[in-house]
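**Q** Chain A is already provided as a structure; the job is to place chain B on it using the hints.
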Amino acid sequence: QKEVEQNSGPLSVPEGAIASLNCTYSDRGSQSFFWYRQYSGKSPELIMFIYSNGDKEDGRFTAQLNKASQYVSLLIRDSQPSDSATYLCAVKVYGGATNKLIFGTGTLLAVQP
Amino acid sequence: DAGVIQSPRHEVTEMGQEVTLRCKPISGHDYLFWYRQTMMRGLELLIYFNNNVPIDDSGMPEDRFSAKMPNASFSTLKIQPSEPRDSAVYFCASSRTGVLNQPQHFGDGTRLSIL
Numbered sequence: 001q002k003e004v005e006q007n008s009g010p011l012s013v014p015e016g017a018i019a020s021l022n023c024t025y026s027d028r029g030s031q032s033f034f035w036y037r038q039y040s041g042k043s044p045e046l047i048m049f050i051y052s053n054g055d056k057e058d059g060r061f062t063a064q065l066n067k068a069s070q071y072v073s074l075l076i077r078d079s080q081p082s083d084s085a086t087y088l089c090a091v092k093v094y095g096g097a098t099n100k101l102i103f104g105t106g107t108l109l110a111v112q113p
Numbered sequence: 001d002a003g004v005i006q007s008p009r010h011e012v013t014e015m016g017q018e019v020t021l022r023c024k025p026i027s028g029h030d031y032l033f034w035y036r037q038t039m040m041r042g043l044e045l046l047i048y049f050n051n052n053v054p055i056d057d058s059g060m061p062e063d064r065f066s067a068k069m070p071n072a073s074f075s076t077l078k079i080q081p082s083e084p085r086d087s088a089v090y091f092c093a094s095s096r097t098g099v100l101n102q103p104q105h106f107g108d109g110t111r112l113s114i115l
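Here the protein sequences come in this chain order: A and B.
Just so we're aligned, residue 1 is where the first sequence starts under this note's numbering, counting upward by one.
Just so we're aligned, residue 1 is where the second sequence starts under this note's numbering, counting upward by one.
Same shape as in the complex, but just chain A (with noise of 0.2 angstroms):
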């Protein structure tokens, strides 16, 4: 089992519309969660990060973190052409010597004008 699984995709959505992004992981210990997006041939660059259970807003995105369920998600409202990318979820590991992201292998999000 890998330890941070999302679904390839592509999850394709019309504009305006509410894209749901998932990720599971399988560390317990995983304390803090974050999700990158990343453009074609572009780098990773944050969006959100969330360690508590709960949503968490900022803009049009929403990250959820559901612990017990070992689930976090992102949610776009009002999608736009521009947020056409693939996003990446990332748990942190930290502890001790250790401060490493696992990243999911990523979503890719197709918003349809």
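It is worth saying that the hints were derived from the structure and are not from the lab.
Because the structure is a prediction, the values reported are computed rather than measured.
Virtual Cβ for every residue (Gly too), placed ideally from N, Cα, C.
Careful: at least some of the hints might be erroneous.
[What the hints assert, rightly or not] Cut-off 27 angstroms, straight-line C-alpha distance, at most; resulting in silico cross-link-like pairs (DSSO-like, lysine-lysine):
#, chain 1, residue 1, chain 2, residue 2
1, A, Lys-100, B, Lys-78
2, A, Lys-100, A, Lys-67
3, A, Lys-42, A, Lys-100
4, A, Lys-56, A, Lys-67
5, B, Lys-68, B, Lys-78
6, A, Lys-42, B, Lys-68
7, A, Lys-100, B, Lys-68
8, B, Lys-24, A, Lys-100
9, B, Lys-78, A, Lys-42
10, B, Lys-24, A, Lys-42
11, A, Lys-100, A, Lys-56
12, B, Lys-24, B, Lys-78
13, B, Lys-68, B, Lys-24
[Said to hold, decoys possible] If we take Cβ atoms under 7 angstroms as the criterion, some of the chain B residues that face chain A in the derived model are:
#, residue
14, Gly-42
15, Leu-43
16, Leu-45
17, Tyr-48
18, Phe-91
19, Pro-103
20, Phe-106
21, Asp-108
22, Gly-109
[As the list claims (entries may be wrong)] Pair by pair, the computed Cβ-Cβ distance ranges are:
#, chain 1, residue 1, chain 2, residue 2, range
23, A, Pro-14, B, Ser-73, 40 to 48 angstroms
24, A, Arg-77, B, Lys-78, 44 to 52 angstroms
25, B, Ser-66, A, Glu-15, 43 to 51 angstroms
26, A, Gly-16, B, Gln-17, 48 to 56 angstroms
27, A, Ser-82, B, Lys-78, 33 to 41 angstroms
**A** Using the frame of chain A, we list chain B on its own:
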């Protein structure tokens, strides 16, 4: 503030040649990470440093790969000898020590092609 700076942006070389990738982390960041990204395997952590000391190199594929961080503002990833299967995008990232929400900031990457 300047971001993570990587060089070169692109490298094309023949199999068997030595390849050296360079990275300058964000000033004040004490963690530095080297990643490799391919379509098949996604983003893989190769090695990371804390205060210039290698902490975890379990992702380094084999002895042909080596990484150094001689000071807080410079790191290299070297492949010798290079092979076609090493072709990938190599990213460097840096972050601060600390609490749960310290993100990693990525450089623009080096696109490596081994012929």
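**Q** Now tell me if each hint is right for this structure.
**A** Do the hints match the structure? See the list:
As the CA atoms of Lys-100 of chain A and Lys-78 of chain B are separated by approximately 21 angstroms, the hinted pair is consistent with the 27 angstroms bound. With a CA separation close to 19 angstroms, the supplied pair Lys-100 of chain A and Lys-67 of chain A stays within the 27 angstroms bound. Between Lys-42 of chain A and Lys-100 of chain A, the direct Cα distance comes to roughly 21 angstroms. Compliance with the 27 angstroms bound is thereby established for this hinted pair. In summary, the hint linking Lys-56 of chain A to Lys-67 of chain A is supported, as the alpha carbons are separated by about 14 angstroms, within the 27 angstroms threshold.
Proposed proximity of Lys-68 of chain B and Lys-78 of chain B is supported: the alpha carbons are some 9 angstroms apart, at most 27 angstroms. The hinted pair formed by Lys-42 of chain A and Lys-68 of chain B meets the criterion: a straight-line CA distance of about 25 angstroms does not exceed 27 angstroms. With a C-alpha separation of about 18 angstroms, the suggested pairing of Lys-100 of chain A with Lys-68 of chain B holds against the 27 angstroms cut-off. A hinted pair counts as satisfied when its Cα atoms are at most 27 angstroms apart, and Lys-24 of chain B with Lys-100 of chain A qualifies at roughly 19 angstroms.
Straight-line distance between C-alpha atoms of Lys-78 of chain B and Lys-42 of chain A comes to about 22 angstroms, which keeps the hinted pair within the 27 angstroms bound. Under the criterion of a C-alpha separation no larger than 27 angstroms, the hint pairing Lys-24 of chain B with Lys-42 of chain A is consistent with the structure, at around 18 angstroms. About 22 angstroms separates the Cα atoms of Lys-100 of chain A and Lys-56 of chain A, which keeps this hinted pair within 27 angstroms; it holds. Taken as a hint, the Lys-24 of chain B and Lys-78 of chain B pair is honoured in the structure, with Cα atoms around 15 angstroms apart against an allowance of 27 angstroms.
Between Lys-68 of chain B and Lys-24 of chain B the alpha-carbon distance is near 12 angstroms, which keeps this suggested pair within the 27 angstroms criterion. The interface hint given for Gly-42 of chain B holds, since its Cβ lies 4 angstroms from the closest Cβ of chain A, which is under the 7 angstroms cut-off. Look at Leu-43 of chain B: its Cβ gets to within about 4 angstroms of chain A, closer than 7 angstroms, so that hint holds up. For Leu-45 of chain B, the interface hint holds, the least distance from its beta-carbon to any beta-carbon of chain A being 6 angstroms, beneath 7 angstroms.
Checking Tyr-48 of chain B against chain A by beta carbon gives a least distance of about 6 angstroms; that is within 7 angstroms, so the hint holds. Taken as an interface hint, Phe-91 of chain B checks out: its beta carbon lies about 6 angstroms from the nearest beta carbon of chain A, inside 7 angstroms. A least Cβ separation of about 5 angstroms between Pro-103 of chain B and chain A falls short of the 7 angstroms threshold, and the interface hint therefore holds. At a threshold of 7 angstroms, the smallest CB-CB gap from Phe-106 of chain B to chain A is about 4 angstroms, leaving the interface hint in force.
Proximity of Asp-108 of chain B to chain A holds as hinted, the smallest CB-CB distance being about 5 angstroms (cut-off 7 angstroms). The criterion of a C-beta within 7 angstroms of any C-beta in chain A is met by Gly-109 of chain B, whose closest approach is roughly 5 angstroms, and the hint holds. Between Pro-14 of chain A and Ser-73 of chain B the C-beta distance comes to about 47 angstroms, which sits within the given range of 40 to 48 angstroms. The beta-carbon spacing between Arg-77 of chain A and Lys-78 of chain B, approximately 45 angstroms, falls within the hinted interval of 44 to 52 angstroms.
In this structure the hint that Ser-66 of chain B and Glu-15 of chain A lie 43 to 51 angstroms apart at CB holds, the actual value being about 48 angstroms. Restraint check, Gly-16 of chain A to Gln-17 of chain B: a C-beta distance of roughly 51 angstroms satisfies the suggested window 48 to 56 angstroms. In this structure the supplied range 33 to 41 angstroms holds for Ser-82 of chain A paired with Lys-78 of chain B, their Cβ-Cβ distance being about 38 angstroms.
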